[in-house]
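Participant: Protein sequence lines correspond, in order, to chains D and Y.
So in our numbering, the last spot in the first sequence is 334, and the numbers never skip.
So in our numbering, the last spot in the second sequence is 298, and the numbers never skip.
Quick caveat, the hints were computed from the structure, so don't treat them as lab data.
The reader is advised that the hints may include incorrect statements.
Said to hold, decoys possible - Going by beta-carbon spacing under 7 Å, a handful of chain Y positions derived as facing chain D:
1) D180
2) R220
3) S252
4) L253
5) E254
6) L258
7) I262
8) P296
Unchecked claim - Covered stretches of chain Y, going by a simulated chain D footprint (3 or more residues, C-beta under 8 Å):
9) 86-96
10) 121-128
As the list claims (entries may be wrong) - Within a straight-line C-alpha distance of at most 25 Å, the following computed DSS-like cross-link-like pairs (lysine-lysine) qualify:
11) K227(Y) with K258(D)
12) K234(D) with K61(Y)
13) K298(D) with K234(D)
14) K298(D) with K137(Y)
15) K234(D) with K178(D)
16) K258(D) with K61(Y)
Backbone N, C-alpha and C fix where the C-beta goes; we use that ideal spot for every residue, glycine too.
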Amino acid sequence: MHRNRDHHQGKDSVVVGLKRGQAMDLCASLDERYVCCGVHVLRAVSNCPFHCSYCFLQTYLTDTTTSVVGDAGSLLAEVKKNISAEPWRFFRIGTWELGDSLALGAQRETTRTLVRAFAEFPNAMLELKTKSCCVDHLLDLEHRGRTVIAWSLNTDRVIEEEEGGTASLEERLKALAKVARAGYRVGLHFDPMIAYDGCDAEYASVVRRVFEVIPVSQVVWISIGSLRFNPEMKRTLEIHYPRSRLTAAEMIMGDDRKCRYLRPVRVGLYQSLYRAIQSQGGDQSFVYLCMERANVWKAVLGYSPEGVGHLAYLITESLYRRFPGLVPVLPARV
Amino acid sequence: MLWRPLAGSETCRGLACRPVTVSERGDGTFDLVVGFDDAVAIRRTLSEIDAVVLPEACPKKDLAEILLTGRTREIRESAVARACFVQLLTDLNVPQEDILSYFQLLQMEAHSSVLAQYLSVAETLPHRVALFCHEKKLSLRQCLHWSVFDGELLNRLFDLQRQLSLTVSVIDELLENIADLCKREGVTPAAFFEEAEALLCSPASAQERTLKLRSWVRQRRYPVLSKINGRLQSIRGQLSLPESVSVSWDPSLESEDLRVAIRVTEESEWKQAVESLHTRRAGETAAAILRELRRPYP
Numbered sequence: 001m002h003r004n005r006d007h008h009q010g011k012d013s014v015v016v017g018l019k020r021g022q023a024m025d026l027c028a029s030l031d032e033r034y035v036c037c038g039v040h041v042l043r044a045v046s047n048c049p050f051h052c053s054y055c056f057l058q059t060y061l062t063d064t065t066t067s068v069v070g071d072a073g074s075l076l077a078e079v080k081k082n083i084s085a086e087p088w089r090f091f092r093i094g095t096w097e098l099g100d101s102l103a104l105g106a107q108r109e110t111t112r113t114l115v116r117a118f119a120e121f122p123n124a125m126l127e128l129k130t131k132s133c134c135v136d137h138l139l140d141l142e143h144r145g146r147t148v149i150a151w152s153l154n155t156d157r158v159i160e161e162e163e164g165g166t167a168s169l170e171e172r173l174k175a176l177a178k179v180a181r182a183g184y185r186v187g188l189h190f191d192p193m194i195a196y197d198g199c200d201a202e203y204a205s206v207v208r209r210v211f212e213v214i215p216v217s218q219v220v221w222i223s224i225g226s227l228r229f230n231p232e233m234k235r236t237l238e239i240h241y242p243r244s245r246l247t248a249a250e251m252i253m254g255d256d257r258k259c260r261y262l263r264p265v266r267v268g269l270y271q272s273l274y275r276a277i278q279s280q281g282g283d284q285s286f287v288y289l290c291m292e293r294a295n296v297w298k299a300v301l302g303y304s305p306e307g308v309g310h311l312a313y314l315i316t317e318s319l320y321r322r323f324p325g326l327v328p329v330l331p332a333r334v
Numbered sequence: 001m002l003w004r005p006l007a008g009s010e011t012c013r014g015l016a017c018r019p020v021t022v023s024e025r026g027d028g029t030f031d032l033v034v035g036f037d038d039a040v041a042i043r044r045t046l047s048e049i050d051a052v053v054l055p056e057a058c059p060k061k062d063l064a065e066i067l068l069t070g071r072t073r074e075i076r077e078s079a080v081a082r083a084c085f086v087q088l089l090t091d092l093n094v095p096q097e098d099i100l101s102y103f104q105l106l107q108m109e110a111h112s113s114v115l116a117q118y119l120s121v122a123e124t125l126p127h128r129v130a131l132f133c134h135e136k137k138l139s140l141r142q143c144l145h146w147s148v149f150d151g152e153l154l155n156r157l158f159d160l161q162r163q164l165s166l167t168v169s170v171i172d173e174l175l176e177n178i179a180d181l182c183k184r185e186g187v188t189p190a191a192f193f194e195e196a197e198a199l200l201c202s203p204a205s206a207q208e209r210t211l212k213l214r215s216w217v218r219q220r221r222y223p224v225l226s227k228i229n230g231r232l233q234s235i236r237g238q239l240s241l242p243e244s245v246s247v248s249w250d251p252s253l254e255s256e257d258l259r260v261a262i263r264v265t266e267e268s269e270w271k272q273a274v275e276s277l278h279t280r281r282a283g284e285t286a287a288a289i290l291r292e293l294r295r296p297y298p
């Protein structure tokens, strides 16, 4: 089979194929010094039609051909096998690891099948994360609250300058309102936050606009993270997106060998966003940091999970408490 | 253009070793295939040069064969030499598959993407940078790495070869940092180097000037980090500790830990070290450093 190597070329067409190998796994961004939420991923799509300058797929994919798993049955068989092997565990499973969960027309049938199937799973929840506004095909489905539709959110400026081809913030918010009306629970991901002059006020404005269209009671979780990439990505980003200024920011190499903003800058960004979330009552939802150090957690949220397992537990505990019936039994902490 | 310095120097002795060979373009002009240096040397005294003229119909692959004759070792010698060979064949309209057929002989990976990389190096590296890469026999990867930088930046930096002590790693560091800060601050490399003029012309050795330039560039590239570390150093300066005690922190600021180390060889030093940390001033200074380490920015 022909392999595409060019990042942009791989986005030109979509191949619908069969599942190959293991599709379900733990999120790949697992590093003990940076706390991960322990979400599981289901590789139902590879590559994405959008052109986000900071996208790690630019250096991650060896074959950039956009592909979608067409046989939802085989994906579901793998999910069923895994979740039934650990019935005491509550699984959060996202289809966004290697692409956008909703952007491609070719993945709609698979997604619809997944949503319907997850409605019947007792100990799992599906997360569809997107930067698109393609939600109409989901509105009539019987989801029973077991699918979370989540948006990666950013300021108008970042969307315009760095997230080529994605839906505007306004379009994302309209889609958000639609799925909320259809009874879906939603997730909000302020990630990657980008630091620039005046960004604090703009991120606060995004938060305000979000809570104008959805009630906090439907928000299952809010994650916060900032721009990070591996050193190899820097050059690739500069070649693919020469107008982007992201790599010129002041960054250090973290212990996980990823370039990130300086910790005091990250803390400043997160604290400001968290205050905005609190001011809208958003902290009633479960707010967490994505791939951050314990000291940053403490500075922003006042505590730090003891590790991946603990954060996963805290999220499940929050779901159990806030959405009765969703998590059958509160897992015990080990 | 890059071919010239790669050619053999023996031709400067006034004797053409091989006939100058040109290929007809069909419009009355010619491509010089072999003998650039010969042609230049001879033209210093003669207005006309005898040359072997290959007809326009001459198979392009034959041109490549002529070019390669006796030069295989020279072309293999560096990535830049290989890049020049690829560029020359491309300029002569030698088909890509014919060019690729020589790659194995020249110890290159015969893939069109590799050919494109060599072409990119030949087309984008400024002349003096290419010469440097050739002299240092830098790899294709390194040449490619530099080829993506702005030509003006490369030229300006390599202009300073006599004023600075430039090794490959120092060049890498300076290019990366200057490119980033020019992008961030919206200034041109020319404007940047104008600002650095006083430093570059200072009466110091090349090594000292290089050290100063690197430090100055780093401070501009990492202003917040420099500012916070500067404040921390200033607070630490208030401590009067014996030499056996050192106070440090993670200069990248990822960790908030304050590290205090005691290094002793005599028992008496231990007592002195411990007592020096037991003072009110030491405690207050440590607290001030920790506060500074925890402070969000801005």
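Participant: Quick one, are K234(D) and K61(Y) close enough, alpha carbons at most 25 Å?
Facilitator: violated, 40 Å
Participant: Does R220(Y) pass the interface check with chain D, least Cβ-Cβ distance below 7 Å?
Facilitator: violated, 10 Å
Participant: Report holds or violated for the interface hint on S252(Y), using the least CB-CB distance to chain D and a cut-off of 7 Å.
Facilitator: holds, 4 Å
Participant: When you check the alpha-carbon spacing of K227(Y) and K258(D), does it fall within 25 Å?
Facilitator: holds, 23 Å
Participant: Does the interface hint hold: is L258(Y) within less than 7 Å of chain D, judged Cβ to Cβ?
Facilitator: Where the cut-off is 7 Å and the nearest Cβ of chain D is about 13 Å from L258(Y), the hint is violated.
Participant: Verify the proposed pairing of K234(D) with K178(D), using a straight-line Cα cut of 25 Å.
Facilitator: Judged against 25 Å, a Cα distance of about 37 Å means the pair is violated.
Participant: At a threshold of 7 Å, is the proposed contact between P296(Y) and chain D supported by beta-carbon distances?
Facilitator: Holds: closest Cβ of chain D sits about 4 Å from P296(Y), inside 7 Å.
Participant: CA of K298(D) to CA of K234(D), is that 25 Å or under?
Facilitator: Cα-Cα ~29 Å, so violated.
Participant: Under a C-beta cut-off of less than 8 Å, do 3 or more residues of the stretch 86-96 of chain Y approach chain D closely enough to confirm the stated coverage?
Facilitator: Violated: only 0 residues of the stretch 86-96 of chain Y have a Cβ under 8 Å from chain D.
Participant: Decide if the proposed pair is consistent with the structure: K258(D) and K61(Y), CA atoms, cutoff 25 Å inclusive.
Facilitator: Answer violated: K258(D) to K61(Y) is near 48 Å, above 25 Å.
Participant: Would you check whether L253(Y) satisfies its interface hint, that is, whether its CB is within less than 7 Å of any CB in chain D?
Facilitator: Constraint on L253(Y) satisfied, holds at 5 Å.
Participant: Taking the closest Cβ pair, is D180(Y) under 7 Å from chain D?
Facilitator: holds, 4 Å
Of the numbered hints given earlier, the model fails hints 2, 6, 7, 9, 10, 12, 13, 14, 15, 16; all others are met.
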